[in-house]
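Peer 1: Listed below are the residues making up each chain.
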Amino acid sequence: MNAGILYVSAILSATVFDVTLERANEAYRNDDYTEAITLYEQLVADGIVDSIVFYNLGNAYFRSSRLGPAIANYERALHLDPNFKNADQNLQMCVNQTPRSAGRPLPPDWEQSLLFWHYGLSIGTSATVAAIIWIVAWGLLMLRLFRSIPYVRASAAGAFVLAALFAASIWSKSHPLPLAVAEAAEVPVYFDRDTSGPVYFELLEGDRVLIEQSETGWLKIEAPSGELGWAERTGFVVVGPPYERPPDALDPAAPPESQSRQTELSL
Amino acid sequence: MVVVRVMVLAACTFAAGAQVSVRLEAEIEPVTAGQPFRLIVTTSGGLPDAVKFESVPNIVIQDTPISQSSSTSIINGAVSHRVMLHFRAAIAEPSTVAVPAATVTVSGKPHKSNSLTVTAVEQVERPGPTLGDGVRINSLTDKIEAYEGEAITLTLEIWEMEGVSIKGITNIPQTVGFYAIPQEPVPTDVVAKQHEGLKYRVRQSTQMLYPTRSGQLRIDKFEWNGIVRGVTEIDGYRRRINDRFIRASDPVMITVKPLPQRPEGFTGAVGSFLVEGQLSSGQVDQGVPVKLAVRITGRGNPRAVSAPEFPALEWAFVGEPVRTDAAPDLAVQGRVDHIFEFAITPHQAGNQTIPRMHFVYFDPERVAYETKSIGPFSLTVFSSGESDRPVLFDGAENTSVNAIDILATDILPIVTRPGNLTRGNGLPAVFWIAAILPVLAYAAVAAFVYRRRRFENDHGYARAYHARTEAHRELRGVLEAGRPEESLHRALIQFVANTYNAPEAGMTAHDADALLRSHGCEDDLCKNVQTILRSCERAVYADQSLPGDEMKALVHGAAAVIDQIRAAIRKRGKS
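Protein chains in written order, with this note's numbering: chain A, 2 to 268; chain B, 5 to 579.
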C-alpha cells in the first residue's frame, strides 16, 4: 500500500516537474527571461539535477546579461554531461563576453596526470564501466577457485587496477573543483576578511576561481594565477554542488552590488 | 676542460670591463679575543693585484692572504666573477675595533672597500659543550614596528654546533594577521656564528611578512624538535651519542600602525617604487590597438601593487591592464617588478593625448604618501576611412550598448525534450548493488569451495561433522532392529568414534568413556554414555532382550546424550 502511494506520488511529482520545465521553456521562447529564470531555479530548488535544466537556465541568464550565473550554470551542465556540446559552445561564447575571458582553473596535478582520460566521460559512464570491470575481476577470482587457469590471477589484478582507476574517476567527478564565478562587475579581493583593508586584487565579472575556504559571508579564493585572498561571498555564484541560487535570482534586473556602490560614490 | 677555460676567460674578460667593487667582511662575528680569525676581501669586476690594510691599534692583520677562492655566476645572461682573499687577523683584548677600508689594486687602479667594525669578546671559560648545546634556534625580524602593508623580514635560524649533526622537524611560526610571501620561509643563507665561545653553522630561512591590519600582531614561537648526534670519549674510546631535544624561540610582537588618511588613487601599495611608461607606437590607425606599458619597480608587497588608474578617454577604448611579473623570483625578497599593459584602441582620428597617470603609494620611511606620474603621451591616430562609431567593444564601455551587443550574439538555443525529470543525481542503487554483489557472491562461493575441499581432504572433520546426524538416523531404526541392544550400542559407539575421529571397531564402553574424558567431556555425560553402553553390553553378552519400555528409555537417553555432547563440544569450540 505504502509502496503504491510512493510510486503514485513519484509519478505525479515527475509530471509536475515536466510541466514546470515546459512553462519555463515557454517563458524563454516568449523572451520572458525573468519568469524563465524563476521557473528553472524552482526546479533546481526542488532537487532536480539535470544538465538540460542547467543549460537552459544558463541561456536565460545569458539573455538577461548576467554572465556570472550563466557561466556557473553552463559549468554545472558540463559537469553532469561533459559531452554536452551546446553547453560547451555557449560557455565559450559567454566567457568571451567577459572582460578578462579568463580560463577555468585547472584540476590538481595528480588528477591531470592520473585521470587525463576521464574528462570526456560522465559520472554515469565511469560508474558503469567501473561496475562491469569490478564484476569481471571478482568473476575471474571465482573462476580461479574451481580451477587453475594461466594468467587468470594476473588478469584479475589488472581488472582490479582498472576498477580502482574508474573508482578514482567516480570519486573525482563526485567531488568536482569547488568553483565560484564572479558575478559583480568588479569583485575586490582582500588580504584578510576586512573590507577596510587594502585590496589585494580585483576579479571581474565572469572570472572563475577556486574556493579554498568558505566562512560566513566570505570566501577564500584562489585565482587562476595562484594568488589567494578573501572576497565577500555576495560577489560570487558558487557552481556547486550544492547548487545555490544566485542572491538576486528573483530580480535579475537589479544591478550587482559593486555597481550600486560605484553609483553611490559618484553621486 | 678547454670549454671551461674559455668560459672562465670570457667571464674574466667580461668582468674586466665591468664596474669593480670591493667588500670587506669578517669570517665570524663576534670573534674571540686572542684567537685568530679571517678577514675576507671580495673583489668583483676584476682580478685583485694587491691588497693593503692600514695599520690599526689592537688588531693584527697579516699582509699576505692565507687562501684564495673564486666564483663565477651567470644571472639573466650577465656574467659576474668574484675573487675572495682570506687574511689572518687577531684582536688581542676584548674590544670593538674599527677596521678602515682596505685598498685593493685592480688593473693598476686602487679601489677602496667598505670599513668594518669587529667586536672581540673574552674567551669564555666554560665546561665542555654538551649535546644540549648542539642546537639553538632563533626567530627575529628586521623591525618590530611597521605600518600596515609594510614589508617585514622574518628570519628563522637553526644553529648547529661544530662537531655535531642534528636532524629534526620544525614548526613554522603562525603569522596570523600577516600576508606572507612565500607561504613558508625559504632557506636563504648559511653563516658561521659564535655563542658563548662555541662555533655554530647557522642555517637561515627568510619570509616577507606584510601586516594586513593595525594593532599588536604576534609572530608565534618557532619550534624545533629532533635529535642531536655527537661523539664523546669514554674511557679512551670514542662513542657515538645522541639525544632528543625540543627548542622554541620567543614569540615576536610587532606593533602595526595604521596608514594615514588615504588619498585618492591610493591602491594599497606600501614601500618605495619607481614608475616608467612607454607607448608602443606614437602613430596608429583608427581601430588598431596600441599598447601602453607601465612598469613599476621597487620594494614592497608585489601582490599589493596594482595598475595606476587609467584616465577616461573619449577618443578610445581602453582594455583591462594585463600584468606581467618581470621578476617573480624576487618576490621572496620583497622586490616588485610589474609591467601593466593597457590596450588602447582609438576610434577617433587626429592628434590625441593620453593624460598623465599617477601611481600613489605610501612610503613608510618618509611616513608620507608619494605620487609618481608618467605621461602625458601623444598619439597620432590616422583615419581608417570609416565613421567615428565604435569599432571594438570593451566591458568598460557604455553598459547599455554592451548589453545590446551581447544579446545580439547568437548562442545556441535551449533544449526541450520529453520529460523524465527526477530528483537527485547520486549514483543509482544498481551501482551499489553491482559493487557489493560480486564480493558477497565470491565470499559465498569461496566458503562453499573451502568446505567442500575440507570434506574431501579432512576425514576427521567430515566424520565429526556428520556424526550426530548419522547417530540419530541409526537411533530411529533401533527399536525396529532384530537386536535393538546391539544396534543402540553400535549407534552410540559410532557417534563417539566419529566425533573424535577414533577407530570404531572393538570399542567398548570403557574405551568410549576414556575417549570422552580425554577430550574434556563432563563427568555426567561420560557416566550417562557408559551406563547406556553397559546396559546394552550386558544384554548382548547375556543374549537377552531388554524390555520394550527400558529399551525406549535407553534410546531416548542416547539421543539426549548425543545432543548434549555435541552442544558441549560447540560450547568449548566457541570459548
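Worth flagging that the hints you see were computed from the coordinates, not collected in a lab.
Where a beta carbon is used, it is the ideal one built from N, C-alpha and C, also for glycine.
There could be a bad hint or two in this list.
Stated by the list, open to error - Covered stretches of chain A, as calculated for chain B (at least 3 residues, CB under 8 Å):
1. 72-78
2. 151-163
3. 195-205
To be verified - A few chain A residues that don't get close to chain B, going by computed Cβ distances all over 12 Å:
4. D19
5. T35
6. D51
7. L116
8. G121
9. W135
10. L178
11. G218
12. T235
13. P248
To be verified - Label pairs and their in silico Cβ distance ranges:
14. P380(B) / R24(A): 54 to 62 Å
15. N84(A) / V195(B): 31 to 39 Å
16. P151(A) / R570(B): 26 to 34 Å
17. A564(B) / S175(A): 35 to 43 Å
18. R194(A) / N175(B): 19 to 27 Å
19. T134(B) / W172(A): 27 to 35 Å
20. W172(A) / G464(B): 25 to 33 Å
21. W172(A) / D333(B): 50 to 58 Å
22. W172(A) / L444(B): 45 to 53 Å
23. S215(A) / D333(B): 55 to 63 Å
24. D333(B) / R194(A): 23 to 31 Å
Peer 1: For this structure, which hints from the list above don't hold up?
Peer 2: Result: hints 1, 2, 4, 6, 9, 15, 16, 17, 19, 20, 21, 22, 23 break, sorted rising.
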